[in-house]
Amino acid sequence: MQSDDFVPGRSGAPDLQTKTVVGVFENSDKAVAAAHALRQIGLDETQISVVAPQSDRGPEMGAESTHASEGGVAGAGTGAVVGGLVAGLAALAIPGVGPLLAAGPIAAAITAALGGALVGAGAGVLAGSFSGLGVPKEHAEQYEHAVRGGGAVVAVKVPFDEHIDPIQEALRQQGAQEVTSFSPAL
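So the sequence shown is numbered by this note's numbering: it starts at 2 and just counts up by one.
A hint or two may mislead.
[To be verified] Below, computed lysine to aspartate or glutamate pairings styled on EDC-like, alpha-carbon distance capped at 16 angstroms: (1) K20 - D166; (2) K20 - D162; (3) K20 - D45; (4) K138 - D45.
[To be verified] Cβ pair distances, simulated, as ranges: (5) G116 - G176: 30 to 40 angstroms; (6) G99 - P167: 28 to 38 angstroms; (7) R149 - Q18: 24 to 34 angstroms; (8) D166 - D45: 12 to 22 angstroms; (9) G116 - E170: 30 to 40 angstroms; (10) G151 - Q18: 33 to 43 angstroms; (11) E46 - F161: 14 to 24 angstroms; (12) G99 - Q18: 16 to 26 angstroms; (13) R173 - G116: 34 to 44 angstroms; (14) D30 - R149: 13 to 23 angstroms; (15) P137 - D162: 14 to 24 angstroms.
Keep in mind that the hints were calculated from the coordinates and are not lab data.
Note that beta-carbon positions come from the ideal geometry of N, C-alpha and C, so glycine has one too.
Construct all of the structure, not just a fragment, from the sequences and the given hints.
Okay, here's the thing in structure tokens:
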């Protein structure tokens, strides 16, 4: 489904044809299954973001210890499973949020926020990272709250409207409690 015109994380004016589809799951296992299902329908791993609490309580890492922006893999347990499905897995410790596993474009956004001026702000890093994917602020805050409560979120950037229905269906089939799509703001 990757389009030659679609460049995830591209800066500049928003691509008005690009949409973000988000699914909220009760746990990381369901989110991992959803990421796998999205790969099976032809999505590129660079389009899929996953954020979940780190459940294995392995060694926590700060943003400076990860390779998220380089597509590297960190962590174990659930992380090893997610790492095989989604690019850029990072095990992160966010102040005020706790240990998380993040993969895909959102992992790079969180890592950049933690490494930049937002260090110590913690609480807004996750919501801000969702906002960076094109999710409106009020929804981004709801997704952060879901992750803080033990849930997981899968976000997918898609280049055209016609790809939204199969993505939403795949997320629902994997147990998403909520599925929403967003258009970029001007």
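Hints and how they fare:
Straight-line distance between C-alpha atoms of K20 and D166 comes to about 12 angstroms, which keeps the hinted pair within the 16 angstroms bound. Between K20 and D162 the CA atoms are separated by roughly 7 angstroms; this keeps the pair inside 16 angstroms, and the hint holds. Among the hinted pairs, K20 with D45 is consistent with the structure: their alpha-carbon atoms are about 15 angstroms apart, no more than 16 angstroms. For the hint pairing K138 with D45, the CA-to-CA distance comes to about 26 angstroms; that exceeds 16 angstroms, so the pair is violated.
Between G116 and G176 the beta carbons are some 33 angstroms apart, a value that agrees with the proposed interval 30 to 40 angstroms. Evaluation of the 28 to 38 angstroms hint for G99 and P167 yields a pass: the beta carbon distance comes to about 33 angstroms. A C-beta distance of roughly 33 angstroms is found between R149 and Q18, which places it inside the suggested range of 24 to 34 angstroms. Between D166 and D45 the CB atoms are about 18 angstroms apart, so this pair conforms to the stated range of 12 to 22 angstroms.
G116 and E170 have their C-beta atoms about 37 angstroms apart, which keeps the hinted 30 to 40 angstroms range intact. In this structure the supplied range 33 to 43 angstroms holds for G151 paired with Q18, their Cβ-Cβ distance being about 35 angstroms. In this structure the supplied range 14 to 24 angstroms holds for E46 paired with F161, their Cβ-Cβ distance being about 19 angstroms. Restraint check, G99 to Q18: a C-beta distance of roughly 36 angstroms breaks the suggested window 16 to 26 angstroms.
With their beta carbons about 35 angstroms apart, R173 and G116 fall inside the hinted range of 34 to 44 angstroms. Range check, D30 to R149: about 18 angstroms between beta-carbon atoms, so the 13 to 23 angstroms window is met. Between P137 and D162 the beta carbons are some 18 angstroms apart, a value that agrees with the proposed interval 14 to 24 angstroms.
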